[in-house]
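> Use the sequences and the hints to build the structure in full.
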Amino acid sequence: MFFVQKLIITAALTGAEVTKEQQPNLPVTPNEIADAAYECYKAGASIVHIHARDKGGKPTQDYDVYKEIKEKIEAKCNIIVQPSTGGAVWHSSDERLQPVELAPEMATLSCGTCNFGPDVFMNSQEYIEKFAKRMKEMGVKPEIEVFERGMINNALKLVKKGLVEAPLHFDFVLGVPGACPGTPEDLMHMVRSIPEGSTWTVAGIGRAELPLATISVVLGGHVRVGFEDNIFYSKGVLAQSNAQLVERIVRIAKELDREVATPDEARGILGIKK
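Those letters in the sequence shown? Residues 1 to 274, per this note's numbering, in order.
Please keep in mind that the hints were generated in silico from the structure rather than gathered at the bench.
Remember, predicted model here, so these are calculated numbers, not experimental data.
Positions of the beta carbon are idealized from the N, C-alpha and C atoms, including for glycine.
Incorrect hints may appear among the rest.
Claimed, not checked - Derived CB-CB ranges, DEER-like:
1) F232 x A103: 32 to 38 angstroms
2) D54 x N25: 16 to 22 angstroms
3) E265 x T183: 26 to 32 angstroms
What follows is the structure, given as C-alpha cells:
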C-alpha cells in the first residue's frame, strides 16, 4: 500500500457527556487531563481534543480552566492542544468561544445544527461565521466538525466568504444518535464530498470507532479515538485509558505499513506554524 501522509492520531480525552460513573478512568481535573494527554502523546497521538470540566465535574468553557489545562499539557510535551468550541449543548456562543482567546494552534468549528441524542446541538449560520471569524483573527487552525453531509457545504461557504482558508481539515463525527450513522458507506460518502487537497479525520462513536478508524488508516485519512467517543475497549469491557485506545490504532497502522505522525509532522501536514 502507498500512503501520501503519515497518520495523525487525535485523542479526545473527556468530552462533555461522559461521567466518572460510566468510565472511572475519565480524566476531569486539569491535572488528570494533562496526565492523560501526556500518556497519549507517548502512545503516538499528535493532537489532544479538550473539553474542560469545572470543580464539580460538569462541562465548562471557562477561559481560566482551559488556560490551566493548556499550560499543564504544554509543560509536559509538544502535542497539539485542540480545545472544543462545541462545549455542551446548553453553553452560549460567547461561552463556547472562550478557549479561542488562548490562541491555541487548533480549535473545532462545528458547521451545522443537528440532533444530539435527546438534545439539539445548535450551530446557526450566525454562530458558524462568528466562530470562524474569531479563529481567523486569532490565527487558530479550524478543524471542521461534520455531523451531517450538509455541513461540508456550510464550510465551503465560509471559504467563499474569506472566513476560513483552504485547504480545509475535516473531522467526520459519525454515529452520534440523531445524526449521521457510522457505517463505512457513510464515511465513504463524506470523503468523496470534500474538495481535493483537503485532509480529514474520522471520529466513530461507540461501536463505530474501531471499524471506521481502521478504514481511515487504509484510505489515507486520519483517526480520532478516546473516551469522548467510546469508553469501551471491546464489547462490555471498559478501556483502561485513552492511551490504550491510541496504542491500538498505532498497532493497526504498523500492521498496514502506515507511519504515525509526530506532533511536528502533523503540524506540517495541517499547515500549522508553531
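> Verify the CB-CB distance for D54 and N25 against the hinted window 16 to 22 angstroms.
19 angstroms, holds
> Honestly, do F232 and A103 meet the 32 to 38 angstroms range at C-beta?
At roughly 35 angstroms between Cβ atoms, A103 and F232 fall inside 32 to 38 angstroms, so the hint holds.
> That 26 to 32 angstroms hint for E265 and T183 (C-beta), does it hold up?
30 angstroms, holds
In summary, this structure violates none of the numbered hints.
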